[in-house]
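*Asks:* In terms of numbering that gives the first Met the number 0, the sequence shown has 490 at position 491, counting the first letter as 1, and numbering is strictly consecutive.
Think of the hints as simulated: they come from the structure by calculation, not from any bench. A few of these clues could be false.
Cut-off 25 angstroms, straight-line C-alpha distance, at most; resulting in silico cross-link-like pairs (SDA-like, lysine to any residue) [claimed, not checked]:
| no. | residue 1 | residue 2 |
| --- | --- | --- |
| 1 | Lys-432 | Ala-385 |
| 2 | Lys-36 | Leu-372 |
| 3 | Lys-103 | Leu-323 |
| 4 | Lys-103 | Val-55 |
| 5 | Lys-103 | Tyr-231 |
| 6 | Lys-314 | Glu-104 |
| 7 | Lys-321 | Asn-86 |
| 8 | Lys-36 | Ala-112 |
| 9 | Lys-172 | Ala-399 |
| 10 | Lys-314 | Ile-82 |
| 11 | Lys-475 | Arg-456 |
| 12 | Lys-103 | Glu-90 |
| 13 | Lys-103 | Leu-425 |
| 14 | Lys-314 | Ala-80 |
| 15 | Lys-314 | Ser-343 |
| 16 | Lys-314 | Val-55 |
| 17 | Lys-475 | Ile-342 |
| 18 | Lys-103 | Leu-230 |
| 19 | Lys-475 | Glu-488 |
| 20 | Lys-321 | Arg-489 |
| 21 | Lys-314 | Ser-58 |
| 22 | Lys-321 | Thr-340 |
| 23 | Lys-321 | Asn-331 |
| 24 | Lys-314 | Pro-61 |
| 25 | Lys-172 | Leu-425 |
| 26 | Lys-475 | Leu-356 |
Computed Cβ-Cβ distance ranges for the label pairs, DEER-style [unchecked claim]:
| no. | residue 1 | residue 2 | range |
| --- | --- | --- | --- |
| 27 | Thr-221 | Gly-166 | 36 to 46 angstroms |
| 28 | Tyr-169 | Tyr-132 | 28 to 38 angstroms |
| 29 | Asp-35 | Thr-221 | 16 to 26 angstroms |
| 30 | Tyr-419 | Phe-124 | 40 to 50 angstroms |
| 31 | Thr-221 | Ser-396 | 18 to 28 angstroms |
| 32 | Leu-223 | Val-348 | 43 to 53 angstroms |
| 33 | Asp-160 | Ala-386 | 43 to 53 angstroms |
| 34 | Pro-405 | Phe-124 | 24 to 34 angstroms |
| 35 | Thr-101 | Glu-344 | 31 to 41 angstroms |
| 36 | Ala-19 | Leu-442 | 40 to 50 angstroms |
Heads up, the beta-carbon is just placed ideally off N, CA and C, and yes, glycines get one too.
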Amino acid sequence: MFKLLITLIFPLFILACGNADYRRSADRETYAAIADKSDQVPGMSAQVGIDSQTAVDLSDYPVNEESYDFLDNEANSEIGARIIGLNSALELAFLHSRDYQTQKERLYLEALALTFDRYRYTPVFAFTSSADYIWDTEDQFVQDMQSLTGMSRTSTSEGIDAGTTLGARYLLKSGGVVALNLTNNFTRFLTGDVRETGSSALIGSFTQPLIRDFGTAIETETLLQAERDLLYQLRDFTRFRKEFAVNVATAYYSVLLNRETVRNNFAGLNAQNLSLEREQAFQLEGLRTLLQVGRLQQATLQLDLRWTASITRYKRSLDNFKLLLGLDADDNIQLDAAEMTLISETGMVRPDISLELAVEMAQRTRLDLYTELDRVQDSARRIQVAANALRPALDFSFVASVPDAPGGNLGELDFERAIYSAGLDLELPLDTKADRNDYRRALIDYEATSRSYLLARERVTLDVIDAYRRMNEASKSYNINVTSVEINERRVEEAELRAELGLGDIQDTVDSQNDLTAARTELVSSIVDHNIAKLEFWRDVGLLYVDDSGQWEEGIDESE
Numbered sequence: 000m001f002k003l004l005i006t007l008i009f010p011l012f013i014l015a016c017g018n019a020d021y022r023r024s025a026d027r028e029t030y031a032a033i034a035d036k037s038d039q040v041p042g043m044s045a046q047v048g049i050d051s052q053t054a055v056d057l058s059d060y061p062v063n064e065e066s067y068d069f070l071d072n073e074a075n076s077e078i079g080a081r082i083i084g085l086n087s088a089l090e091l092a093f094l095h096s097r098d099y100q101t102q103k104e105r106l107y108l109e110a111l112a113l114t115f116d117r118y119r120y121t122p123v124f125a126f127t128s129s130a131d132y133i134w135d136t137e138d139q140f141v142q143d144m145q146s147l148t149g150m151s152r153t154s155t156s157e158g159i160d161a162g163t164t165l166g167a168r169y170l171l172k173s174g175g176v177v178a179l180n181l182t183n184n185f186t187r188f189l190t191g192d193v194r195e196t197g198s199s200a201l202i203g204s205f206t207q208p209l210i211r212d213f214g215t216a217i218e219t220e221t222l223l224q225a226e227r228d229l230l231y232q233l234r235d236f237t238r239f240r241k242e243f244a245v246n247v248a249t250a251y252y253s254v255l256l257n258r259e260t261v262r263n264n265f266a267g268l269n270a271q272n273l274s275l276e277r278e279q280a281f282q283l284e285g286l287r288t289l290l291q292v293g294r295l296q297q298a299t300l301q302l303d304l305r306w307t308a309s310i311t312r313y314k315r316s317l318d319n320f321k322l323l324l325g326l327d328a329d330d331n332i333q334l335d336a337a338e339m340t341l342i343s344e345t346g347m348v349r350p351d352i353s354l355e356l357a358v359e360m361a362q363r364t365r366l367d368l369y370t371e372l373d374r375v376q377d378s379a380r381r382i383q384v385a386a387n388a389l390r391p392a393l394d395f396s397f398v399a400s401v402p403d404a405p406g407g408n409l410g411e412l413d414f415e416r417a418i419y420s421a422g423l424d425l426e427l428p429l430d431t432k433a434d435r436n437d438y439r440r441a442l443i444d445y446e447a448t449s450r451s452y453l454l455a456r457e458r459v460t461l462d463v464i465d466a467y468r469r470m471n472e473a474s475k476s477y478n479i480n481v482t483s484v485e486i487n488e489r490r491v492e493e494a495e496l497r498a499e500l501g502l503g504d505i506q507d508t509v510d511s512q513n514d515l516t517a518a519r520t521e522l523v524s525s526i527v528d529h530n531i532a533k534l535e536f537w538r539d540v541g542l543l544y545v546d547d548s549g550q551w552e553e554g555i556d557e558s559e
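Please model the entire structure based on the sequences and the hints provided.
*Replies:* This is the structure in structure tokens:
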């Protein structure tokens with residue numbers, strides 16, 4: 000009976016491992032897999048914990064106490080808002096962004112999948128246990144029923160039938176499999192002639208393919224691909240961090256640009272209203288016609304509408320920016336206007352690198368380009384695997400079976416009575432249609448991935464050239480708009496002076512003021528465009544390093 004209890008109780012020890020233990024075990028192996036390959040990816044972060052998110056806390060940021068007239072009915076909406084600088088915005092995004100969290104989870108899941116592929120090449124143990132209680136007409140319950148029903152009795156017995164199986168399996172990287180199984184069966188009769196019987200057996204086997212599926216290159220292809228897939232995901236994650244930092248900066252400057260547009264439209268509207276008041280006074284004195292004043296009134300109404308629309312555009316962009324950072328929609332923030340002053344004072348400084356060298360550096364440093372090249376190698380290996388599947392199957396097998404010792408205790412084995420067998424199994428490739436099609440697909444896939452790599456190289460080149468051109472365009476636009484602002488300021492001054500003398504033309508007043516407002520907005524826009532294009536240029540060259548808080552450094556060769 001003691002043997003039976005051991006048989007039944009042993010599996011309960013397996014249940015002692017709780018869900019929290021499984022989670023910690025998965026995290027430990029997964030993060031270790033990520034750490035193993037992080038050194039192979041320049042700029043890879045060490046902060047990839049998927050459970051490290053904390054609640055958003057804006058209490059440490061300065062508070063805005065001003066009301067802004069240029070925001071009209073939204074003038075008081077930013078009172079009490081937390082002022083967020085660009086560096087702070089990047090830190091918030093890297094801590095709380097939903098997109099960033101999703102990317103970390105993708106990386107984690109790729110590494111988690113790898114842990115199972117690695118596990119396949121370690122010894123795998125299995126244990127099963129079962130017990131059955133068996134009774135018949137000798138059982139008391141059955142006897143009582145027989146007495147009630149008047150049925151005749153038959154003499155049988157009741158008993159317990161139990162068994163356990165403990166096995167181990169080891170998959171070799173050469174394609175072979177080693178397996179070992181120990182089985183115990185135990186039966187005890189509880190009534191009548193009390194007796195018990197038991198049997199045990201130990202069976203070990205080894206199987207090794209000799210032609211099809213033979214060799215490390217074929218057998219470990221799945222593991223090798225899983226290892227490389229994690230490397231690709233690490234590269235994608237590092238590339239995403241750079242793109243994400245640039246996207247946050249782009250959105251930040253875009254919100255500030257929209258705010259500056261509101262301010263310029265408000266200033267233009269005030270100037271237009273002053274002109275309208277003056278012209279209406281002249282109309283009362285008979286110096287202006289209703290037609291002339293009406294033209295100015297219509298222009299003022301249109302500018303008022305543009306101002307209102309620009310407020311809506313600014314607030315919408317600010318709301319979207321909050322979502323990008325991972326904040327709640329009702330979080331009250333204001334972006335630091337000093338950031339716009341900073342990039343304005345920095346000027347239109349271009350990267351100190353030629354376009355030719357930039358393209359060459361991009362071909363050497365772009366992580367996504369390395370992945371495209373590695374995928375060509377992956378497809379070449381799949382051709383070999385597909386070709387191997389077309390070969391005959393010849394497997395060598397060896398089996399050893401050890402029975403239990405006669406008259407011995409349960410679990411005792413008699414190795415002197417062991418039985419051994421060895422043999423070969425041959426399977427000729429007569430039905431190869433599916434394997435043939437897989438082989439042809441592998442050949443086509445190789446050609447496709449080769450073209451994809453060549454196309455990726457060209458796209459990398461065009462990315463760099465496009466960013467370089469946009470920097471040149473923004474630089475030229477800046478110079479033009481500086482001149483345009485100066486010209487239109489003089490136009491407005493002259494139009495105002497002539498209007499005060501009663502010599503001005505209404506259309507000149509309208510046009511000069513509208514052109515000045517547009518030029519001021521375009522000037523700020525060119526500064527923003529240049530800074531964004533410069534960031535994208537360093538990103539596309541592969542020389543933009545982003546740390547775990549989202550801060551970047553430009554012009555660093557990460558490959559050295």
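*Asks:* Against this structure, judge whether each hint is valid.
*Replies:* Hints and how they fare:
1. Lys-432 <-> Ala-385: Answer holds: Lys-432 to Ala-385 is near 12 angstroms, not above 25 angstroms.
2. Lys-36 <-> Leu-372: holds, 18 angstroms
3. Lys-103 <-> Leu-323: OK: Lys-103 and Leu-323 at ~16 angstroms, within 25 angstroms.
4. Lys-103 <-> Val-55: holds, 18 angstroms
5. Lys-103 <-> Tyr-231: Roughly 14 angstroms between the alpha carbons, so the hint for Lys-103 and Tyr-231 holds.
6. Lys-314 <-> Glu-104: violated, 31 angstroms
7. Lys-321 <-> Asn-86: holds, 15 angstroms
8. Lys-36 <-> Ala-112: holds, 15 angstroms
9. Lys-172 <-> Ala-399: holds, 22 angstroms
10. Lys-314 <-> Ile-82: holds, 15 angstroms
11. Lys-475 <-> Arg-456: It is violated: about 29 angstroms lies between the C-alpha atoms, which goes past 25 angstroms.
12. Lys-103 <-> Glu-90: holds, 16 angstroms
13. Lys-103 <-> Leu-425: Cα-Cα ~48 angstroms, so violated.
14. Lys-314 <-> Ala-80: holds, 13 angstroms
15. Lys-314 <-> Ser-343: Measuring from Cα to Cα gives roughly 23 angstroms; hence the hint holds.
16. Lys-314 <-> Val-55: holds, 21 angstroms
17. Lys-475 <-> Ile-342: holds, 16 angstroms
18. Lys-103 <-> Leu-230: holds, 14 angstroms
19. Lys-475 <-> Glu-488: Holds: Lys-475 and Glu-488 sit about 20 angstroms apart, inside 25 angstroms.
20. Lys-321 <-> Arg-489: violated, 40 angstroms
21. Lys-314 <-> Ser-58: With Cα atoms ~22 angstroms apart, Lys-314 and Ser-58 stay inside 25 angstroms; holds.
22. Lys-321 <-> Thr-340: holds, 22 angstroms
23. Lys-321 <-> Asn-331: holds, 9 angstroms
24. Lys-314 <-> Pro-61: Status holds; Cα separation ~20 angstroms.
25. Lys-172 <-> Leu-425: holds, 21 angstroms
26. Lys-475 <-> Leu-356: holds, 22 angstroms
27. Thr-221 <-> Gly-166: 36 to 46 angstroms: For Thr-221 and Gly-166 the Cβ distance comes to about 23 angstroms; the hint is violated.
28. Tyr-169 <-> Tyr-132: 28 to 38 angstroms: The hinted range 28 to 38 angstroms holds for Tyr-169 and Tyr-132, with Cβ atoms some 36 angstroms apart.
29. Asp-35 <-> Thr-221: 16 to 26 angstroms: Given about 18 angstroms between the Cβ atoms, the range holds.
30. Tyr-419 <-> Phe-124: 40 to 50 angstroms: With a Cβ separation near 24 angstroms, Tyr-419 and Phe-124 fall outside 40 to 50 angstroms, so the hint is violated.
31. Thr-221 <-> Ser-396: 18 to 28 angstroms: holds, 23 angstroms
32. Leu-223 <-> Val-348: 43 to 53 angstroms: holds, 46 angstroms
33. Asp-160 <-> Ala-386: 43 to 53 angstroms: Given about 51 angstroms between the Cβ atoms, the range holds.
34. Pro-405 <-> Phe-124: 24 to 34 angstroms: holds, 29 angstroms
35. Thr-101 <-> Glu-344: 31 to 41 angstroms: holds, 37 angstroms
36. Ala-19 <-> Leu-442: 40 to 50 angstroms: Given range 40 to 50 angstroms: holds, Cβ gap about 49 angstroms.
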